[in-house]
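Enquirer: As they're listed, the protein sequences go chains E and H. Reminder that position 96 of the first sequence reads as 96 in our numbering, one-by-one numbering, no gaps. Numbers in our numbering are just positions in the second sequence, counted from 1, shifted up by 436.
Take these hints with a grain of salt, some might be off.
[What the hints assert, rightly or not] Lysine to aspartate or glutamate pairs mimicking EDC-like chemistry, simulated, CA-CA at most 20 Å apart:
| # | chain 1 | residue 1 | chain 2 | residue 2 |
| --- | --- | --- | --- | --- |
| 1 | H | Lys442 | E | Asp109 |
| 2 | E | Lys193 | E | Asp258 |
| 3 | E | Lys4 | H | Asp522 |
| 4 | H | Lys438 | E | Asp86 |
| 5 | E | Lys23 | H | Asp516 |
| 6 | E | Lys122 | H | Glu727 |
| 7 | E | Lys432 | E | Glu313 |
| 8 | E | Lys428 | E | Asp275 |
| 9 | E | Lys422 | E | Asp402 |
| 10 | E | Lys85 | H | Glu727 |
| 11 | E | Lys85 | H | Glu581 |
| 12 | H | Lys442 | E | Asp258 |
| 13 | H | Lys658 | H | Asp612 |
| 14 | H | Lys442 | E | Asp119 |
| 15 | E | Lys85 | H | Asp522 |
| 16 | H | Lys442 | E | Glu235 |
| 17 | H | Lys442 | H | Glu700 |
| 18 | H | Lys550 | H | Glu581 |
| 19 | H | Lys723 | E | Asp86 |
| 20 | E | Lys122 | E | Asp86 |
| 21 | E | Lys311 | E | Asp275 |
| 22 | E | Lys123 | E | Asp275 |
| 23 | E | Lys123 | H | Glu581 |
Honestly, the hints are just simulated from the structure, not real lab data. A quick note: this is a predicted structure, and the numbers were derived from the prediction, not measured.
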Amino acid sequence: MAGKTIQYTAAQIRDLGKENIPKELMGGHGLVYSSPATLAYNSPGAEGFGVKRAGLAVPESVMLIVSPGCCGRNTSIVSSMPQYKDRFFYLMMDETDLVTGRHLKRIPDAVCEVVSFLDGLKKKPKVVMICITCVDALLGTDMERVCSACERALGDGTRVRPCYMYALTREGRRPPMVHVRQTLYSLLEPMEKDPKSVNIIGNFAPVEDGELLRLLTDAGVKHIRQISTCGTYEEFLKMASANFNIVTNPEVRAAAHDMSQRLGIPYIELTRVHDVARTAAQYNAFSSAVGISIDISAEKAKAQEAVDTLKAEFPDLTFNIGECLNADPFELAMSLVRYGFKVDEIYATLAPEKFRYVSKLADISPDTKIFCNMEPTMLYYDMSASRAHISLGKDAAFYCPDIPNIAWNSDVQPFGFQGITKLMETIKETMKEARA
Amino acid sequence: MKGLRKVLTPFAPDQSGAVSVLYGLGGLIVIIDAGGCTGNICGFDEPRWQDVRSAVFSAGLRDMDAILGRDKLLVSKIADACGRIDASFVALIGTPVPATIATDYKALKRMLEKEIDLPILTVATDGMKLYDEGESLAYKALASEFIAKEGTLDEITLGKTPLTYGGSFADVSLEDYKKIGASTKVIAASASGIEAAKTLGLSYVVYSSAAAEIAGSIPSGKVLVCHDEVFGKTLRDKGVNCDIATFFTLHDEIKESGDVKITEEDEFTDLTVNGGYDVIVADECLKPLAEGFKGQWIDAPFFALSGRR
């Protein structure tokens, strides 16, 4: 029926079962609505750390984007950031390139010209990432070979690596954001292990300074490396000396596996959750697994206090939650409801692996409504039926412009009790301001 | 090196231009891409997206859809959406993916016409050309389906889209286009406006109100205008002693001695160094290419170049 937004309650989804999640909630089956969330994550080069920014996570690297002009268009948003000045370059394809593939022969010359140009600015790079797009995915371009040709043409040890911005493969076995992480860490070469060295891998901005880093330091770890905190390429290469990797984002799992096989660095995963008890259980499991002793009592108490304070001040607080935020929206919704708050609406694509959260959410909040950002009928979404007081997630602000919003999507990643505490305090302050 | 950009980011592509013309006309716009092109268009090149919800969708193509040429699946997705979205027409916008797999737009149109009782517009953009060409193609598609000589219309401005004029775009409705053949005055505000008027066989005047507004503030001397050709032509008509350089279409009817179409960064640099100009009127994003220029720079924002509103 035209004009009606498709939605399901958590209870309806639970009753349908994991195998029968409505296709309208899963996306990938129809046309994709241009919501803020889909524009951000459906485009590997768009907001946050898409392929373009991610590909430049290695210090002293630059990127040559070899593509039709349209693929590089929105890079001007990123290029305007000071840290990306003189780091993006473009070799634009035309229709003849598409038919003949002649652009591939020009790439080594283009790379040499870019490196020479940067040398003149005293900014000679250590790594050149060559970013290619859907067109070359369909042409079946062998980028490893092209990159080797570039390295030979440069002849000075500068590394050249491929970076695949293939939106076509977003739901494939190796989506762009998985692949780019593998590419970055493939630059590491085997080196002697340092038992007091640990990497935190997964994101392209650092984990928020504080809790996790303190716990590792207290446990005797001397060097905690994250790709985003390495100031130089040489420092980045020292990530190969780590005793183990802490994986904080499932999209880096394949890269962690590669590092385990190639560099002998084992890894352990830590998931960001918003339930105080589950966070504590995860830290305990972590300390047992890696054989270190950690004291989390102070952080745990602080997080619980932040939850209790918010609950005391705003006992009936009701949320709408989007998916452009540093959290899993379904897990966050479940945690908030467990704390005694209400979640009226969630705007997020429901992948089967999230079903467990929705099922648990349905038991305690059966009427929570779930919408899919990709669903075409979101064009007609009207917030007037919602009774939420506040929305979480940058995309939720688009749907709920008349209530306070916390974007909660900073590059720096909140984590653990510290993340819970900060979120609760931010909600409290935002609601106080709104009330005033 | 030809096609190598070391300073500028790519300009607005043809697919953005096509959407720019069709946005807000009440159609269901389907960008035949995997999602990235739609992200570029709605998330960057279409400022109205922030303020006005419009039925712009990505086809959500995946690798096997393209490799196997699943046109029937695409038709089925569009037909399904048309059952749930009110629209006055369907527009298919091409991107590099259909260009690579040589999508047959005529066949797609015929297939859709069998499933959907709405006019189907196809715009064979490919993401490798520039926005003004996409705008021209979109006008052509509109002309093929809608434009007649019915009703009355005093005046209509063509080619005044956000990509050329930012927030000062002309708000033209589908009803206006339907009556364009009866309009008493057609204003071509940019290169695509000229193309549209020609396609429709209408007489037109070339005029940019944005250029006219700043004409009086431009100092005397030899001036280089790097913008859309109509912007430059209007300045010239207002008495500014200028040459026009444009990265976009330069029609013979506009071009005079000294005017030039440019493609590469170096060509613009060469003009600024060796052209003997006292004043440059252009978007500030071009300034890094003119480090040797000692004259006065007058900023003329051009969204298709810089993305500045």
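Enquirer: Does each hint hold? Answer for all of them.
Expert: Right, here's what the structure says about each hint:
Taken as a hint, the lysine 442(H) and aspartate 109(E) pair is honoured in the structure, with Cα atoms around 13 Å apart against an allowance of 20 Å. The straight-line distance between the Cα atoms of lysine 193(E) and aspartate 258(E) is roughly 16 Å, inside the 20 Å bound, and the hint therefore holds. Only pairs whose Cα atoms come within 20 Å are accepted, and lysine 4(E) paired with aspartate 522(H) is accepted, the gap being roughly 10 Å. Annotation: proposed proximity of lysine 438(H) to aspartate 86(E) holds, straight-line Cα distance about 19 Å (limit 20 Å).
Between lysine 23(E) and aspartate 516(H), the direct Cα distance comes to roughly 13 Å. Compliance with the 20 Å bound is thereby established for this hinted pair. As the CA atoms of lysine 122(E) and glutamate 727(H) are separated by approximately 18 Å, the hinted pair is consistent with the 20 Å bound. Between lysine 432(E) and glutamate 313(E) the CA atoms are separated by roughly 9 Å; this keeps the pair inside 20 Å, and the hint holds. Proposed proximity of lysine 428(E) and aspartate 275(E) is supported: the alpha carbons are some 17 Å apart, at most 20 Å.
Taking the CA atoms of lysine 422(E) and aspartate 402(E), the gap is near 24 Å; set against the 20 Å cutoff, the hint is violated. Under the criterion of a C-alpha separation no larger than 20 Å, the hint pairing lysine 85(E) with glutamate 727(H) is consistent with the structure, at around 17 Å. This hinted pair does not check out: lysine 85(E) and glutamate 581(H) have alpha carbons roughly 46 Å apart, beyond 20 Å. A hinted pair counts as satisfied when its Cα atoms are at most 20 Å apart, and lysine 442(H) with aspartate 258(E) does not qualify at roughly 34 Å.
Straight-line distance between C-alpha atoms of lysine 658(H) and aspartate 612(H) comes to about 40 Å, which puts the hinted pair past the 20 Å bound. At most 20 Å may separate the alpha-carbon atoms for a hinted pair to count; lysine 442(H) and aspartate 119(E) meet this at roughly 13 Å. Straight-line distance between C-alpha atoms of lysine 85(E) and aspartate 522(H) comes to about 45 Å, which puts the hinted pair past the 20 Å bound. Between lysine 442(H) and glutamate 235(E) the alpha-carbon distance is near 28 Å, which puts this suggested pair outside the 20 Å criterion.
Of the supplied pair hints, the one linking lysine 442(H) and glutamate 700(H) holds, its CA atoms being roughly 10 Å apart against a limit of 20 Å. Pair hint lysine 550(H) plus glutamate 581(H) holds up; C-alpha atoms about 16 Å apart against a cutoff of 20 Å. Under the criterion of a C-alpha separation no larger than 20 Å, the hint pairing lysine 723(H) with aspartate 86(E) is consistent with the structure, at around 15 Å. Distance restraint check for lysine 122(E) and aspartate 86(E): the Cα-Cα separation of roughly 11 Å lies within the 20 Å cut-off, and the hinted pair is therefore satisfied.
Under the criterion of a C-alpha separation no larger than 20 Å, the hint pairing lysine 311(E) with aspartate 275(E) is consistent with the structure, at around 14 Å. For the hint pairing lysine 123(E) with aspartate 275(E), the CA-to-CA distance comes to about 46 Å; that exceeds 20 Å, so the pair is violated. Note on lysine 123(E) and glutamate 581(H): the hinted pairing is violated, with a Cα-Cα distance of about 54 Å set against a maximum of 20 Å.
Hints 9, 11, 12, 13, 15, 16, 22, 23 from the list above are not met by this structure, while the remaining hints are.
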